[in-house]
Amino acid sequence: MADQPDYDAITWPVQLTSKVHRKNNPLLNPSNPALSAAGKTVLITGATGGIGRAIAEAWRTAGAKAIVITGRNQKRLQEVVEKLEATVQDGTTVHSFGSIDITKEEDVATLWKKAGEAVGRIDVLVNNAGSLTQAMIGKGDPGKWWQDFVGFLSFPYAPLWLLTPTQEVNVKAVHLNVHHFLAQAPDGKGTVISVSTGTLGDMYPDFSSYIPSKLAQTKFMEFLHHEQPGIRTFSLFPGLVATDMPPKQYLEYALDDPMLTGGLTLFLSTERAEWLRGSMVSVNWDYEEMEMHKEEILEKRLTKLAFCDAKFGKGGHPWAT
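Take the sequence shown: its position 272, counting from 1, is numbered 272 in full-length UniProt numbering, and each next residue is one higher.
Among the hints, erroneous ones may be present.
[Stated by the list, open to error] Each computed DSSO-like pair below joins lysine-lysine, with the alpha-carbon atoms no more than 27 Å apart: (1) Lys114 / Lys104; (2) Lys139 / Lys113; (3) Lys172 / Lys139; (4) Lys248 / Lys65; (5) Lys219 / Lys83; (6) Lys40 / Lys65; (7) Lys19 / Lys300; (8) Lys172 / Lys219; (9) Lys23 / Lys172; (10) Lys23 / Lys304; (11) Lys75 / Lys19; (12) Lys40 / Lys19; (13) Lys114 / Lys139; (14) Lys294 / Lys248; (15) Lys23 / Lys104; (16) Lys189 / Lys294; (17) Lys19 / Lys65; (18) Lys248 / Lys40; (19) Lys314 / Lys19; (20) Lys19 / Lys113; (21) Lys172 / Lys294; (22) Lys172 / Lys189; (23) Lys104 / Lys19; (24) Lys139 / Lys40; (25) Lys294 / Lys304.
[To be verified] With beta-carbon atoms standing in for the labels, derived distance ranges: (26) Ser31 / Tyr204: 23 to 29 Å; (27) Tyr250 / Pro26: 24 to 30 Å; (28) His226 / Ser31: 31 to 37 Å; (29) Leu302 / Lys114: 30 to 36 Å; (30) Arg121 / Arg277: 17 to 23 Å; (31) Gln89 / Leu16: 30 to 36 Å; (32) Lys114 / Asp6: 24 to 30 Å; (33) Ala320 / Glu271: 41 to 47 Å; (34) Leu16 / Thr87: 29 to 35 Å; (35) Tyr204 / Gly230: 19 to 25 Å; (36) Val88 / Asp8: 48 to 54 Å; (37) Arg121 / Asp90: 15 to 21 Å; (38) Glu274 / Pro26: 34 to 40 Å; (39) Lys294 / Asp6: 26 to 32 Å.
To be clear, the hints were calculated from the coordinates, so they are not data collected in a lab. Computed from a prediction, not measured in an experiment: that's the story for all the values here. Glycine included, C-beta positions come from ideal geometry on N, C-alpha and C.
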């Protein structure tokens, strides 16, 4: 009998805690009273894909005051709206804006103007829309390679044929939405969560566009953390979810529940996550275990991007030999 594959094999390289969550985490359950979103408003980009839908549903379950969602696929967007409205509770209102190109400044400005008119101030921005292009350096179309830096998606991880070379998403769209989020928060307070990837430190073939674009996005979030100290910022790893994103060879490992991402966005908007602001966070990590090692995590910057492993400084690196 053949050995069973280790279905956590792709999860382990970016696993901070000994305990792994892939299907269920009571702490991140949207029904957990500690995650109540009562009185809060959230804007979610890319809400028509599997992860985006789960985020919207999580905020609905948690009783958000208002949920604003975007998506270019009008049919899918309407389906999400109908599902949310069929189960809303505690007076939650749902507002959708389709036909918005979140890579165009004028469209994003219009989105935030309309959102402001509909719900007032947005408390939490979730940048979920993303693009994934697979292209080997020197073999793929250079124009398509740039699509993760210059390629649009208002629902996450659509097939490549849905993209056009004039569109932009993983970096520019995040910046535009953050810019307008800040403009409607004159007191400089709020929460921004950008969906990143746990592959930031990996070297997967054909991912030379996707991973660098997500690195740029994650570094941008660190700049936001330092330049806007009143804004709570997080780069979220959603795990490996069975959406349109994972290449076929990885699908059997795509066992992470998208609702973990939804629950984590709720958790990050609470005071309990205050100490994690400016960090990379993952749906697979155990946050109760992390709290036990809070001082070490902060002192050693374990949830921050690292430059490299060399010890730079006066005298140079302490060579082993």
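Evaluated hints:
Taking the CA atoms of Lys114 and Lys104, the gap is near 16 Å; set against the 27 Å cutoff, the hint holds. This hinted pair does not check out: Lys139 and Lys113 have alpha carbons roughly 43 Å apart, beyond 27 Å. A C-alpha spacing of about 26 Å is found between Lys172 and Lys139, which places the hinted pair at or below 27 Å, so the restraint holds. Of the supplied pair hints, the one linking Lys248 and Lys65 is violated, its CA atoms being roughly 39 Å apart against a limit of 27 Å.
Our distance criterion of 27 Å between C-alpha atoms is broken by Lys219 and Lys83, whose separation comes to about 35 Å. For a cut-off of 27 Å, the pair hint linking Lys40 to Lys65 stands: about 5 Å separates their Cα positions. With a C-alpha separation of about 20 Å, the suggested pair Lys19 and Lys300 falls inside the 27 Å cut-off, and the hint holds. For the suggested pair Lys172 and Lys219, the alpha carbons sit about 13 Å apart, so the restraint of at most 27 Å is met.
Of the supplied pair hints, the one linking Lys23 and Lys172 is violated, its CA atoms being roughly 32 Å apart against a limit of 27 Å. This hinted pair checks out: Lys23 and Lys304 have alpha carbons roughly 25 Å apart, not beyond 27 Å. For a cut-off of 27 Å, the pair hint linking Lys75 to Lys19 is broken: about 39 Å separates their Cα positions. For the suggested pair Lys40 and Lys19, the alpha carbons sit about 31 Å apart, so the restraint of at most 27 Å is broken.
For the hint pairing Lys114 with Lys139, the CA-to-CA distance comes to about 43 Å; that exceeds 27 Å, so the pair is violated. A threshold of 27 Å between alpha carbons decides the hint, and for Lys294 with Lys248 the separation of about 37 Å lies outside it, so the pair is violated. Restraint check: the Cα-Cα separation between Lys23 and Lys104 comes to about 36 Å, which exceeds 27 Å; the hinted pair is violated. A hinted pair counts as satisfied when its Cα atoms are at most 27 Å apart, and Lys189 with Lys294 qualifies at roughly 24 Å.
The suggested pairing of Lys19 with Lys65 is violated, with an alpha-carbon distance near 33 Å, which exceeds 27 Å. In summary, the hint linking Lys248 to Lys40 is not supported, as the alpha carbons are separated by about 38 Å, beyond the 27 Å threshold. For the hint linking Lys314 to Lys19, the alpha-carbon distance of about 39 Å lies beyond 27 Å, and the restraint is violated. A C-alpha spacing of about 43 Å is found between Lys19 and Lys113, which places the hinted pair above 27 Å, so the restraint is violated.
Between the alpha carbons of Lys172 and Lys294 the distance comes to roughly 33 Å, so the proposed pair goes past 27 Å and is violated. For the suggested pair Lys172 and Lys189, the alpha carbons sit about 22 Å apart, so the restraint of at most 27 Å is met. A hinted pair counts as satisfied when its Cα atoms are at most 27 Å apart, and Lys104 with Lys19 does not qualify at roughly 42 Å. Simply put, Lys139 and Lys40 have alpha-carbon atoms about 47 Å apart, too far for the 27 Å limit, and the pair is violated.
The hinted pair formed by Lys294 and Lys304 meets the criterion: a straight-line CA distance of about 14 Å does not exceed 27 Å. Between Ser31 and Tyr204 the beta carbon distance is about 36 Å. The supplied range of 23 to 29 Å is therefore violated. One distance hint, 24 to 30 Å for the beta-carbon pair Tyr250 and Pro26, holds here, with the actual separation near 28 Å. Remark: the range hint 31 to 37 Å for His226 to Ser31 is upheld by a beta-carbon distance near 35 Å.
Restraint check, Leu302 to Lys114: a C-beta distance of roughly 40 Å breaks the suggested window 30 to 36 Å. For Arg121 paired with Arg277, a C-beta distance near 20 Å keeps the hint of 17 to 23 Å intact. With their beta carbons about 34 Å apart, Gln89 and Leu16 fall inside the hinted range of 30 to 36 Å. At roughly 47 Å, the beta-carbon separation of Lys114 and Asp6 lies outside the given 24 to 30 Å, and the hint is violated.
A C-beta distance of roughly 44 Å is found between Ala320 and Glu271, which places it inside the suggested range of 41 to 47 Å. Checked against the given bound of 29 to 35 Å, the beta carbons of Leu16 and Thr87, roughly 34 Å apart, stay inside it. At roughly 37 Å, the beta-carbon separation of Tyr204 and Gly230 lies outside the given 19 to 25 Å, and the hint is violated. Checked against the hint of 48 to 54 Å, the pair Val88 and Asp8 fails, with Cβ atoms roughly 36 Å apart.
For Arg121 and Asp90, the Cβ-Cβ distance of about 19 Å falls inside the hinted range of 15 to 21 Å, so the restraint holds. For the hinted restraint 34 to 40 Å between Glu274 and Pro26, the CB-CB distance of approximately 21 Å leaves it violated. Look at Lys294 against Asp6: about 30 Å separates their beta carbons, and that is inside 26 to 32 Å.
Violation of the numbered hints given earlier is confined to hints 2, 4, 5, 9, 11, 12, 13, 14, 15, 17, 18, 19, 20, 21, 23, 24, 26, 29, 32, 35, 36, 38; the remaining hints are satisfied by the structure.
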